[in-house]
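Whenever a hint applies, use it, and build me the whole structure from the sequences.
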Amino acid sequence: EPEVTQTPSHQVTQMGQEVILRCVPISNHLYFYWYRQILGQKVEFLVSFYNNEISEKSEIFDDQFSVERPDGSNFTLKIRSTKLEDSAMYFCASSRQGRDYGYTFGSGTRLTVV
Amino acid sequence: GESVGLHLPTLSVQEGDNSIINCAYSNSASDYFIWYKQESGKGPQFIIDIRSNMDKRQGQRVTVLLNKTVKHLSLQIAATQPGDSAVYFCAENINNFNKFYFGSGTKLNVKP
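Those sequence lines, one after another, are chains A and B. Read in order, the letters of the first sequence are residues 86 to 199 in the numbering used here. Read in order, the letters of the second sequence are residues 13 to 124 in the numbering used here.
To be clear, the hints were calculated from the coordinates, so they are not data collected in a lab. In this text the structure is predicted, and so the values were computed from the model without any measurement. One should not assume that every hint holds.
[Said to hold, decoys possible] In silico lysine-lysine, DSS-like type, Cα no more than 25 Å apart, as pairs:
#1 A:K127 <-> B:K119
#2 B:K54 <-> B:K119
#3 A:K168 <-> A:K142
#4 A:K127 <-> A:K142
#5 B:K68 <-> B:K49
#6 B:K80 <-> B:K49
#7 B:K80 <-> A:K127
#8 B:K68 <-> B:K119
#9 B:K119 <-> A:K142
#10 A:K127 <-> A:K163
#11 B:K83 <-> B:K54
#12 A:K163 <-> B:K68
#13 A:K127 <-> B:K54
#14 B:K54 <-> A:K142
#15 A:K127 <-> B:K49
[Unchecked claim] With the Cβ distance kept under 7 Å, some of the chain A side facing chain B (calculated, not the full set):
#16 K127
#17 V128
#18 F130
#19 N136
#20 S140
#21 E141
#22 S172
#23 F176
#24 R184
#25 G187
#26 F190
#27 G191
#28 G193
From the three backbone atoms N, C-alpha and C, an ideal C-beta is built for every residue, glycine too.
Have a look at this one:
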C-alpha cells in the first residue's frame with residue numbers, strides 16, 4: 086500500500102536553529118499538508134499546498150514557517166528559527182481528491198527544541 | 013473557532029465486546045467527518061467517513077453515526093480486537109478540502 090514517508094523520525098535542535106522536515110507524499114496525490122501535534126494535545130492544521138502554492142494556512146503558520154516542493158517528489162517544512170514551543174510531532178499528509186476519504190498521513194517527525 | 017471534543021478520554025473494553033467512542037462538535041456548518049485511528053508511533057489512519065446528508069455509515073466492523081440535531085458523532089467497533097487498541101480521533105471539515113479540525117482523542121484499551 087502506498088505510504089507517505091517522513092524523515093527524519095526524530096530531530097533534536099537548539100533553539101534559534103533552522104530545521105527542515107522532509108516528506109515524500111504518495112506519487113499521484115495532488116494535495117499536500119502539514120499538521121502538528123504537541124504532546125498530549127490535538128492534531129492541529131498548519132498548512133495546505135496545491136498546484137505549487139499554499140492554499141490555506143493557520144495562525145500557527147507564521148513567517149518562521151515555509152513549505153516547498155523542490156522537485157516532483159519531496160515536500161518540505163522549514164522552521165527558520167526554532168522556539169521551544171515548536172517541539173511537537175509534525176505530520177505530513179497527502180490526498181488525491183482533496184478532503185474526500187481523508188488524507189494519508191506519514192508517521193511523523195518528532196521535533197525536540199532544546 | 014470550530015470545536016471538536018470527546019466525552020471519554022480513555023475507554024477500556026474486553027476483547028470481543030463492542031466499543032462506542034463519542035465525539036461532540038460545535039459547528040453546525042461542518043458537513044464532512046472522519047474518524048481516524050492512531051497507533052503508537054504512527055500517523056493518523058483513516059477509518060471511516062460520513063457526510064452531513066447521512067446519519068449512518070457502515071464499514072468493516074465499524075459504524076459511524078451522526079446526529080446533527082445534537083451535533084454528535086460516534087464510532088462503533090464490533091467485536092473489538094487487541095489490534096483495535098489505539099487513540100481514536102474525530103475530525104470535522106467545513107466544505108473545505110484544505111483542513112480538518114481534530115478532536116482531543118479517546119484512547120481505546122482492549123483487554124484480552
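Report task. Answer holds if the nearest beta-carbon of chain B is closer than 7 Å to that of G191 (chain A); otherwise answer violated. Result -> At about 5 Å, which falls below the 7 Å cut-off, the nearest Cβ of chain B leaves the hint on G191 (chain A) intact, so it holds.
Query - Restraint outcome when G193 (chain A) is required to lie within 7 Å of chain B by C-beta distance - result: At 5 Å from the nearest chain B Cβ, G193 (chain A) passes the 7 Å test, so the hint holds.
Requested in this report: For the pair we were handed, K168 (chain A) and K142 (chain A), check the Cα-Cα distance against 25 Å.
Outcome: It holds: about 19 Å lies between the C-alpha atoms, which stays within 25 Å.
Query raised in the report: Does K80 (chain B) pair with K49 (chain B) here, judged by a C-alpha cut-off of 25 Å?
Result: holds (23 Å)
Report task. Assess, step by step, whether the Cα of K54 (chain B) is no farther than 25 Å from the Cα of K119 (chain B), and give holds or violated. Result -> holds (14 Å)
Query raised in the report: Can R184 (chain A) be said to touch chain B, with a Cβ gap under 7 Å?
Result: holds (4 Å)
Report task. Would you mind confirming whether the straight-line C-alpha gap from K80 (chain B) to K127 (chain A) stays at or under 25 Å? Result -> Between K80 (chain B) and K127 (chain A) the Cα gap is close to 23 Å, so the pair holds against 25 Å.
Query raised in the report: Straight-line Cα separation of K68 (chain B) and K49 (chain B) no greater than 25 Å?
Result: holds (19 Å)
Query - Restraint check, 7 Å cut-off on beta carbons, for E141 (chain A) near chain B - result: holds (4 Å)
**Report entry** Status of the S140 (chain A) interface restraint (C-beta, 7 Å, chain B)
**Finding:** holds (5 Å)
Query raised in the report: Holds or violated: is the Cβ of V128 (chain A) closer than 7 Å to a Cβ in chain B?
Result: holds (4 Å)
Query - Hinted pair K127 (chain A) and K163 (chain A), Cα distance within 25 Å - result: holds (21 Å)
Hint check: violations occur at hints 9, 11, 12, 19, 22; the rest are consistent with the structure.
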